Each structure stands twice: as C-alpha cells, then as structure tokens.
Amino acid sequence: MTTDRSVARSPAVVAHKVLNNNVVISVDSAGQERVLMGRGLGFQLQPTDTIDPAKVEKTFILEQGSGADHARQLLASVPYPVIEAVTAAVDEAERILGRSLGRRLPMAIIDHVQYVLERMQKGIRIPSTAMPELRVLHPQEFDAALAMARSVSASLQTDLPAEEAVFLTMHILNATRDEPNGTAALLFRRVQHVVTTVEGGLGVQLDVASPDYARFILHIQFLLQRLVAQTMLRGSDTSFFEFAKHSYPRSYAIAADVKLYVSEATGSDLTDEELLYVIVHVERLANQVVDGTAP
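For the sequence shown, numbering that gives the first Met the number 0 begins at 0 and goes up steadily by one.
Honestly, the hints are just simulated from the structure, not real lab data.
Please read all numbers here as calculations on a predicted model, not as lab measurements.
A few of these clues could be false.
For each label pair, taking beta carbons as the anchor points, the in silico distance ranges come out as [what the hints assert, rightly or not]:
| # | residue 1 | residue 2 | range |
| --- | --- | --- | --- |
| 1 | E117 | T230 | 40 to 48 angstroms |
| 2 | G97 | S154 | 35 to 43 angstroms |
| 3 | R214 | R249 | 13 to 21 angstroms |
| 4 | D110 | G199 | 23 to 31 angstroms |
Glycine included, C-beta positions come from ideal geometry on N, C-alpha and C.
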C-alpha cells in the first residue's frame with residue numbers, strides 16, 4: 000500500500016466500495032484499487048456515485064493479493080482517528096528521514112498501533128528491552144520512530160508505552176531495507192545476545208552511553224553482516240591472535256562464548272581474525288569496568 004496524491008487532483012472518482020463513513024475503495028482507469036480517506040467521505044455514498052476530490056484527505060494504492068484483503072479488513076475495522084494519527088505520523092517520519100518509507104509501512108503501523116491500544120485498554124503490557132543498540136546503529140530511524148510515537152500519542156491523546164519507539168524503529172528498518180521482513184529484528188536479537196554474553200562474562204551491565212560500548216556494538220553488527228555475506232576477515236599471520244589469546248584470558252574466554260553462540264545461531268564459525276577483534280573490544284570494555292565507568 001503506497002501513498003498517491005494524484006487521485007485528489009483528478010476531476011472525479013467513481014466509488015467502488017464504501018468500507019465505512021471515512022474510507023472508500025475506488026478503481027482507477029487502469030484497474031488499480033485505491034483507498035480514499037477523508038472524514039465523512041463515504042457517508043450515504045452509493046457505489047456508482049462520484050467523489051468530490053476536495054473531500055479526499057489521503058489516498059493509498061492497494062497491492063494485489065492477500066495483503067490487499069487484510070488492508071481492506073483493517074481499514075474497515077480500525078477507528079478513523081487511529082488511521083489519521085498513524086498516517087500523519089508516517090508523513091512526519093518520512094520528512095525526518097527525507098525519503099519514502101515504502102508501500103507496506105502505513106498499514107503495518109496502523110495494525111500495530113491498534114493492537115497496542117487494545118492491549119492498553121485491557122491493562123496488558125508486553126515487556127520489552129530498551130535496546131540501546133538502536134540508538135547507536137540507527138540514530139536517524141530511532142529518532143523518526145520517537146517522533147512517530149509522540150505524534151500518535153498527541154493525536155489520540157493517549158500516551159503510548161515508551162518501548163513503542165523500539166517496535167516502530169523495527170518497522171522502519173524493515174521498510175527501508177531490501178530484506179525479508181524480520182531481518183532487522185533478527186540482527187538486533189543477535190547483537191543483543193552477544194551483549195548479554197559479554198555482560199555475563201564481565202559480571203556487569205555495560206555503560207550504553209560510553210564510546211567503547213558504541214564501537215563494540217558497531218563492530219558486532221558489521222561482524223554479523225560480514226558473516227551473512229561470507230566476507231569475514233581472514234589473515235595468514237596468527238601471531239596477534241595468539242598474543243591476545245594468552246595475554247587476555249578472560250576476554251578470550253568471553254570471545255569464545257560469543258563464537259559458540261554465533262556458530263549455533265548461524266551455522267558459521269568466526270575466523271581467528273574476527274575473534275581477535277572481539278577479544279580487543281571485550282578487553283576495552285573490561286578496562287572500562289576496572290576504571291569504574293561502568294555501573
């Protein structure tokens with residue numbers, strides 16, 4: 000589903016199906032289904048009536064297939080204020096990022112926000128980690144997600160839970176990358192597991208605001224991406240690895256645990272060159288703990 004404002008400039012649009020008082024499905028001359036939205040747009044509208052373009056506030060193009068069926072059901076059932084709030088928030092996120100967020104994002108966010116609101120009404124809250132890695136790896140997307148959450152909260156006069164910024168960031172990342180849905184979430188779960196492994200080995204909770212933490216998170220992300228792309232670092236000189244292995248036994252043991260997790264999660268083994276850099280980063284974090292800068 001994608002935004003398209005060309006319909007609003009056309010002289011007249013023939014209604015195809017009225018979903019509710021605010022949402023109408025039309026078919027253009029090319030046979031493409033469009034969702035037309037506006038307050039009261041569908042009130043007392045007959046299937047063959049023409050629509051005044053001035054009443055159309057937002058237009059979406061429906062994709063073919065089962066996704067279109069789900070979109071129709073969602074738009075027919077979700078209260079219009081929620082749809083308004085979400086589409087305005089997506090527009091704001093696109094302005095912040097300076098790019099389109101794709102066809103599927105508006106419907107995904109409408110679905111997500113409505114589910115959150117229903118949970119809140121029932122007093123149900125799904126616990127979520129703060130995922131500080133997001134701020135480090137994708138600050139622009141995280142800021143856009145924060146803006147979206149604030150915009151929706153203001154429009155609906157209902158404060159969304161703070162963790163919604165995390166979920167909305169995931170939606171944005173999946174919408175802006177040419178990867179299967181869930182790829183971004185999978186990457187972050189693996190990054191988080193590595194962080195948990197390191198914190199367990201060091202016996203501390205790392206300072207997420209420290210430069211060493213940021214460098215470590217970035218390195219782990221790129222390591223996992225290199226692993227998927229089968230472009231891992233390789234070197235013929237093992238002397239540095241052997242030196243680090245024997246000089247920093249605790250950091251090496253933690254790095255070995257990271258290697259074991261990565262192997263179990265991906266089916267690929269880290270090279271000694273990759274492991275060397277993990278040891279170096281862990282040792283930096285260990286020194287941070289010794290210096291008293293980590294909680």
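Here's how the hints hold up against the structure:
1. E117 <-> T230: 40 to 48 angstroms: holds, 44 angstroms
2. G97 <-> S154: 35 to 43 angstroms: violated, 22 angstroms
3. R214 <-> R249: 13 to 21 angstroms: holds, 19 angstroms
4. D110 <-> G199: 23 to 31 angstroms: violated, 36 angstroms
The structure fails to meet hints 2, 4 from the earlier list, while all remaining hints are met.
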